[in-house]
Amino acid sequence: MTVSVDVLIVGAGIVGAACAWELAKARLRVAIVDQSFPAAGATGAAMGHIVVMDDSQAQFALTRYSQTLWEELLEDLPASIEFDLCGTIWVAADEEELAEVRRKAAYYRERGVRTEILDSRALQEAEPSLRAPLAGGLLVPGDSVVYPPAAAAYFLERAAALGATLHAGKSVTKLGEGSACLEDGTIFHAGKLINACGQLAPKLTPGIPVKPRKGHLVITDRYPGMVRHQLVEMGYLKSAHSVTSDSVAFNVQPRKTAQLLIGSSRQYDVAHDKVEPEILSRMLKRAFEYVPKLSTLSGIRVWTGFRPATPDKLPLIGPWLEDPTLYLATGHEGLGITTSLATARLISAQILDTVPAISMDPYLPSRNMAAEIHA
Amino acid sequence: MDNTVHLRFEIVVIGGGPAGIAAAVAASQSGNSVALIDDNPRLGGQIWRGGASPSQPSVATHWFNQLENTKVRHIGGARVIHADGGFLEAETGREIFAIRHNKLILATGARELFLPFPGWTLPNVMGAGGLQALVKSGLPIKGKRVVVAGTGPLLLAVAAYLIDRGAKVVCICEQASSSSLAAFAFQVLMFPGKIVDAVSLLYKCRALKHLTNCWVVAAIGKNSLESVTISENGRTREIPCDYFAYGYHLVPNTELAQMLGCQLREGFVQTDEFQRTSQPGIYCAGEPTGIGGMELSVIEGSIAGHAAANSGDVAQKLFPARARYRKLAEAMKKAFRLRPELATLAKPDTLLCRCEDIPFERVRTCESWKAAKLHSRCGMGPCQGRICGAAAHFLFGWNIESTRPPVFPARCASLAAISSSVEVQPSHGGSQ
Amino acid sequence: MPESVTVFVNDRAVTVPVGATVAVAVMISEGVCRTSVSGEPRAPLCGMGTCFECRVEINEVSHLRSCQILCEPQMKIRVRG
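Chains as they are written, first to last, in this note's numbering: chain A, 1 to 375; chain B, 1001 to 1432; chain C, 2001 to 2081.
Hints were generated in silico from the structure; no laboratory data involved.
Beta carbons: idealized from backbone N, C-alpha and C, even for Gly.
Incorrect hints may appear among the rest.
To be verified - Covered stretches of chain B, going by a simulated chain C footprint (3 or more residues, C-beta under 8 Å): (1) 1124 to 1136; (2) 1351 to 1363.
To be verified - Under the rule of at most 30 Å between Cα atoms (straight-line distance), these lysine-lysine pairs were calculated in the DSSO-like manner: (3) B:1168 x B:1194; (4) B:1334 x B:1209; (5) C:2076 x B:1142; (6) A:203 x A:174; (7) B:1370 x A:203; (8) A:170 x B:1222; (9) B:1347 x A:256; (10) B:1222 x C:2076; (11) A:274 x A:203; (12) B:1370 x A:256.
To be verified - Label-pair restraints from in silico Cβ distances: (13) A:157 x B:1348: 18 to 26 Å; (14) C:2074 x A:72: 34 to 42 Å; (15) C:2002 x B:1140: 17 to 25 Å; (16) B:1140 x C:2040: 19 to 27 Å.
Kindly produce the complete structure, drawing on both the sequences and the hints.
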């Protein structure tokens, strides 16, 4: 069977779903194919933190832009998405980290992101369950939390209402040169193809500089009021920067259900998705150092997921050099939920040849990337 | 921070019901160091709940005494949360046990299958075994009106027990037909011991109505149960009651076996004639290998215990008895097969997942158990899908197998203590 | 050897036979163990630690399965309405 569409998207995670919606809005005929059910990959494992990051100007621009797009959607988001404007507190354990807090505050302030520097006492008041004394922290009240699978499902629903079709449970065997071949024999002919397969993107398009970065998460039973903001240690960036094979960082999220989500860990070169006791232990012990009471809480589930990581920590959004019909929308590492909406806008601008709200250059797959250094 | 107690045993038995106790006794015969880990405060599992006491049936007392005469180390109130090749971790209220072993015998029993129907979440709607467990744990039942429903001989046993405790059991609603019951009764004649039990139970229950082709379609009440609506031969009527106890067969507790990589077949742990699973050094006995009742559990436990202790010849002597009780179990399965109407009781707004309050309709539209968990949140609560997953399997035919740790919710401190490389001093076994 | 034990459920003294579980003390005293996420009153279903409907707070530790915990003298049990 042969089907003709304008755009064929492979991958019904949050990025693929956002792209589908955006392109359907532009009245293009869109089809999305996924080997399983929507959000079965990293989107289903993700924390769902919508956060502005300052690791680089390009990362800031993308996260900030995308965050404003989430804000525009607020009124229409269904309750299942569990949107919560809880804000982030970047926690400084010592004076060195507090200096980082001041630098970060200045950086955000210059760019119009509202922040508040918390001293030791103010931090304690904002989050009584944090160990005291800590040096202080940076409150970013505009950050928020969502339940990612519900967000992906919502985007797909909106896309379908505009005529997009979802083909779940179907594997793609070949992607490129204006067509996608499915395992069941169906062939999609499309003017544009989008590979939004996350860590599996290189399987369909060999050579994409994306590597899986495994993470562990724990979710607890319900403990209302124990943690009020997403809490991340200032050392988090050291972990995301880390060149060694595994690292952990304190990262705790209160969900609207009053459950706590405890992370985070990063590992390279691990192919299996089994929970690994050693890294789980390190991750939890790191969390206990900040919120001692966590050790007494009931943990009801532990799982793993694979972030798609690139050598320069920026996603790949744009045409793939060797094939003008093929676009990439992958490599978002730990910021896929946040930047899904901005990714969709950039891809749409590229496909429709319009001017995007932010520069697309830093994210183009054709950019110069330090080849082997996955930092 | 919790204490971690490091121990080492030759053979560890998980589960202190009939299978586990029999396995521990058998395993200890050849002088091996044996531990028996159970998550209840007292031994006995469900059917011998409450440990040694004058009110227990004589067979239970016999086995409790046998166990007393061994050097088996009983670790009670301990829930196994993780196991992995020769090492397991269990959590009590205050401690963590990190236990190394050479052989493992899984005797994790079974839980009841709860089929949702309107009103099933009301307080005082319970499992048949559930109400019995609570009464055994001290719940006053004297003078209370109880409707017992579901399927199988367990209903008679529960009704008789409740009558002994002074409850007013109004009726037993058996979903099977009277001809199925009669056919099963005929099979029971092959087991003299069971005939005595059966006659005694029937006598105890002589005053109450035993309805067949009958099942409950709704539970009614404001803040707790006030009455149930039953359907009997197509006609419905309301019965006021204080408690509703229902049992629709048992679901094997295979989660730990799955986590250990043991092969399942049709939802049960696959074992060979010596109760060995597909994983080296791991045995399984009792309900997780196939629902078969107390006597079969004891026999399988004994076989597993002897086999683990390398006394295969002793184990073999029990093979014929096991075969006979397995035949009875097969007959029971046939006679009490669940009728399809039971899958149609839930209304769109009837809750399927009680931990997260997810309605039936929200789950039904999902394409698989995995998708349902992610998108409807059904099964993502603390019961880890034990209640709703089993129901979803019956209602939608979904495969609900899963191997994610922890086996049970555990304190985060215990999760942090899980490790596969632990320094252990050999233990001397024996009691504390 | 005492035949009964006294615990406190929502600050009210409840006396039960030795060997009784916390779930039983709570059911005798309150008739309900917890409130579900959508506000329904809930009580034990399975009686054996698998349904999690019997979760209560004991001595300031929450989410404990009361059907598997024996009453101990002076236990402070909290059931949220």
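Going down the list of hints, with the structure as the test:
1. Coverage of the region 1124 to 1136 of chain B by chain C holds in this model, with 10 residues showing a Cβ closer than 8 Å to a Cβ of that chain against a need of three.
2. Counting residues of the region 1351 to 1363 of chain B whose C-beta sits closer than 8 Å to any C-beta of chain C gives 4, which meets the bar of three, so the coverage hint holds.
3. This hinted pair checks out: residue 1168 (chain B) and residue 1194 (chain B) have alpha carbons roughly 26 Å apart, not beyond 30 Å.
4. Between residue 1334 (chain B) and residue 1209 (chain B), the direct Cα distance comes to roughly 23 Å. Compliance with the 30 Å bound is thereby established for this hinted pair.
5. Simply put, residue 2076 (chain C) and residue 1142 (chain B) have alpha-carbon atoms about 27 Å apart, close enough for the 30 Å limit, and the pair holds.
6. Distance restraint check for residue 203 (chain A) and residue 174 (chain A): the Cα-Cα separation of roughly 10 Å lies within the 30 Å cut-off, and the hinted pair is therefore satisfied.
7. Taken as a hint, the residue 1370 (chain B) and residue 203 (chain A) pair is honoured in the structure, with Cα atoms around 24 Å apart against an allowance of 30 Å.
8. Taking the CA atoms of residue 170 (chain A) and residue 1222 (chain B), the gap is near 48 Å; set against the 30 Å cutoff, the hint is violated.
9. Restraint check: the Cα-Cα separation between residue 1347 (chain B) and residue 256 (chain A) comes to about 28 Å, which is no more than 30 Å; the hinted pair holds.
10. For the proposed pair residue 1222 (chain B) and residue 2076 (chain C), the alpha carbon gap of about 28 Å is at most 30 Å, so the pair holds.
11. Pair hint residue 274 (chain A) plus residue 203 (chain A) holds up; C-alpha atoms about 21 Å apart against a cutoff of 30 Å.
12. Our distance criterion of 30 Å between C-alpha atoms is met by residue 1370 (chain B) and residue 256 (chain A), whose separation comes to about 22 Å.
13. In this structure, residue 157 (chain A) and residue 1348 (chain B) meet the distance hint of 18 to 26 Å, their C-beta atoms being roughly 20 Å apart.
14. One distance hint, 34 to 42 Å for the beta-carbon pair residue 2074 (chain C) and residue 72 (chain A), is violated here, with the actual separation near 56 Å.
15. Distance hint check for residue 2002 (chain C) and residue 1140 (chain B): the Cβ-Cβ separation is about 19 Å, which falls inside the suggested range of 17 to 25 Å.
16. For the hinted restraint 19 to 27 Å between residue 1140 (chain B) and residue 2040 (chain C), the CB-CB distance of approximately 24 Å keeps it satisfied.
The structure is inconsistent with the numbered hints 8 and 14, although it conforms to all the rest.
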